[in-house]
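Student: Once you have looked at the hints, place chain V on chain Y.
Chain by chain, the residues:
There are 2 protein chains.
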Amino acid sequence: MTPSTNTFTERLNRAAGIVEASLQALLSDKPGPGEIARPDRLMAAMRHGALGGGKRLRPFLTIETARLLGQEGEGPLRAGCAVELLHCYSLVHDDLPSMDDDDLRRGRPTVHKAFDEATAILVGDALQTLAFEVLADPATDRDPAIRSDLVLGLARASGPGGMVGGQLLDLAAEGRYGAAELSEIDVRQLQMMKTGAILTFSVEAGAILGRADPAARENLVNYGRALGAAFQVADDILDRESSSEALGKRTGKDLEKGKATLVDLLGLEGARRECELLVESAHVSLEGFGPEADTLREAVRFVVERQV
Amino acid sequence: MTPSTNTFTERLNRAAGIVEASLQALLSDKPGPGEIARPDRLMAAMRHGALGGGKRLRPFLTIETARLLGQEGEGPLRAGCAVELLHCYSLVHDDLPSMDDDDLRRGRPTVHKAFDEATAILVGDALQTLAFEVLADPATDRDPAIRSDLVLGLARASGPGGMVGGQLLDLAAEGRYGAAELSEIDVRQLQMMKTGAILTFSVEAGAILGRADPAARENLVNYGRALGAAFQVADDILDRESSSEALGKRTGKDLEKGKATLVDLLGLEGARRECELLVESAHVSLEGFGPEADTLREAVRFVVERQV
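Protein sequences appear in the order of chains Y and V. Here the first sequence is numbered in our numbering, starting from 860 and rising by one per residue. Here the second sequence is numbered in our numbering, starting from 860 and rising by one per residue.
Isolated chain Y (complex conformation) (with noise of 0.2 Å):
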């Protein structure tokens, strides 16, 4: 293991690292100002559903974005942490067994099955709600217009508009609720909701903080929109590719339920093509930006290239 050139996988779990222990303060059994008291077992499944995993990659967007437009700190790191409460709120809920019935999730039972249904839907509830504390808190910004930008932020891409809904279409998309045939055009739009708009928004949250200009701002969320895409593709090829054991998860299992994936519609070759693509257009997003956006330029690659 060379220090050159793992330097941006060292960067990533370096921000792992800070990410986890500041989740972890966020997560503690004190209450915090205007609380009443914080169950104990509520915050022990909490902590079940939001530490210990992950490669933090939305945080690491946020704070990497923010920090090519020269902002550093508490602020970053905080809405970073918020983009991650509401990423792994989604993850409880979609593990329940009315969802995609999920028993493990990083090799470690659910929450639901750790604890039980009752509190993991609390739980998921639950770190929704922290996921707007923390950004609405003065602690992420004193100034706050770019607070209510974040909230707002945050609501649309989280909201029926964007990953809620997008995870509906998903259900959707297994026939669930009548035949579904998707064209690519549909398999498009549900990623785009599901994944997609969140990974933007933790782009555009960095954005937010670092005062972009909107021709930036927009780049920038250009640059998010394609590496969201890219992260599906690539999930959609590992999906098919991988075995159980390197995802510590169950695997094949949008063709065991008959979801369509890109995959399907383009092919193995046409979907790395894409990826390939997609590569191209968030390097391309990036071309305003010098040398400091280089962790951002090998972000979109280790999205294409990660084994899990």
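Take the hints with a grain of salt, since some may be wrong.
If chains are identical, the list can't say which one is meant, so a pair holds when it fits in one copy or spans any two.
[What the hints assert, rightly or not] Under the rule of at most 20 Å between Cα atoms (straight-line distance), these lysine to any residue pairs were calculated in the SDA-like manner: (1) K889 with I1044; (2) K889 with D899; (3) K972 with D961; (4) K889 with A903; (5) K972 with P1150; (6) K972 with E1139; (7) K972 with M958; (8) K889 with D1045; (9) K972 with G1034; (10) K972 with P956; (11) K914 with S1140; (12) K914 with R870; (13) K972 with S957; (14) K972 with L910; (15) K972 with G1037; (16) K972 with Y1036; (17) K972 with A896; (18) K889 with Q1048; (19) K914 with T866.
By construction, these hints were calculated from the structure, which means they are not laboratory data.
Tutor: What follows is chain V alone, placed relative to chain Y:
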């Protein structure tokens, strides 16, 4: 029905009509700014969970508190709707099979009965998100500091140290997670978290929008706390006394589940006395206000005397 005797009910009903129309607009199929698409099924289920029922007491409190401080119009209406969306999300999730397992709500099938369990989980998730989106939107108040305050307040009232924490304590009180013997203090804390915090915030939201000075805000929050506590004791009394027909839901349910309520701990007469003390306390908190606070004074009386 003479107009003079039912002015309060008329005001409450008129506000409920305006709130209903506003919620309807917020829950339209048309994607909002920054949203990709809103799936029909999700929106229909969200409307099922949020429209066509309820006294809309929470938005009424927000609107009336803001009015008391000279603030009327779109802002208090939107903030009230946000609190109501949050309340509706909690009802949809509380009704789920793994939670309270209720088939009926206000005499109609609950969301998971009318749709399905996965949809109901997503409906609750999206109603929560929408609540925060509505508060952070510039249409609610042009001052971003006010909007941030509203988001922070709602999050704290509904997160792990508020409503959701209270809901977990409520499940624990059924003995799900080991024997549960609740003291009077435990029951009071559970109720303050589960229903009191959001009712209190309904009032505080009006105080925030109305730019209440610290002393007035504190008095209004104290009023909200007393009203919230009175609401819950009245609920416990109703649960013990009412017929199933009148409430549109099964009753004596707490008794059936072995959950301790204040009626168990204080007796019916003791609980009624407690209600009167809380009405008194709410009135004392409003002493600094003139006749313009009469609607809030009547609201607490309404809360303890309601039959549904």
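Student: Does each hint fit the structure? Answer for all of them.
Tutor: Here is how each hint holds up against the structure:
1. K889 with I1044: between (47 Å within a copy, 19 Å between copies)
2. K889 with D899: within (10 Å within a copy, 41 Å between copies)
3. K972 with D961: within (9 Å within a copy, 23 Å between copies)
4. K889 with A903: within (12 Å within a copy, 39 Å between copies)
5. K972 with P1150: Close neither inside one copy (46 Å) nor across copies (56 Å); limit 20 Å.
6. K972 with E1139: Answer is neither: 41 Å inside a copy and 47 Å across each miss the 20 Å cutoff.
7. K972 with M958: This pair counts as both: shortest intra-copy Cα distance 14 Å, inter-copy 16 Å.
8. K889 with D1045: between (45 Å within a copy, 17 Å between copies)
9. K972 with G1034: Answer is between; shortest inter-copy Cα gap is 19 Å, intra-copy 26 Å.
10. K972 with P956: both (10 Å within a copy, 16 Å between copies)
11. K914 with S1140: For K914 and S1140, neither the intra-copy (23 Å) nor the inter-copy (52 Å) Cα distance is at most 20 Å.
12. K914 with R870: within (11 Å within a copy, 53 Å between copies)
13. K972 with S957: both (13 Å within a copy, 13 Å between copies)
14. K972 with L910: The answer is within: 16 Å in one copy meets 20 Å, while 34 Å across copies does not.
15. K972 with G1037: between (29 Å within a copy, 17 Å between copies)
16. K972 with Y1036: between (27 Å within a copy, 14 Å between copies)
17. K972 with A896: Neither way: K972 and A896 sit 25 Å apart in one copy and 33 Å across, limit 20 Å.
18. K889 with Q1048: between (41 Å within a copy, 16 Å between copies)
19. K914 with T866: within (15 Å within a copy, 59 Å between copies)
Violated hints for the displayed structure, listed by number in ascending order: 5, 6, 11, 17.
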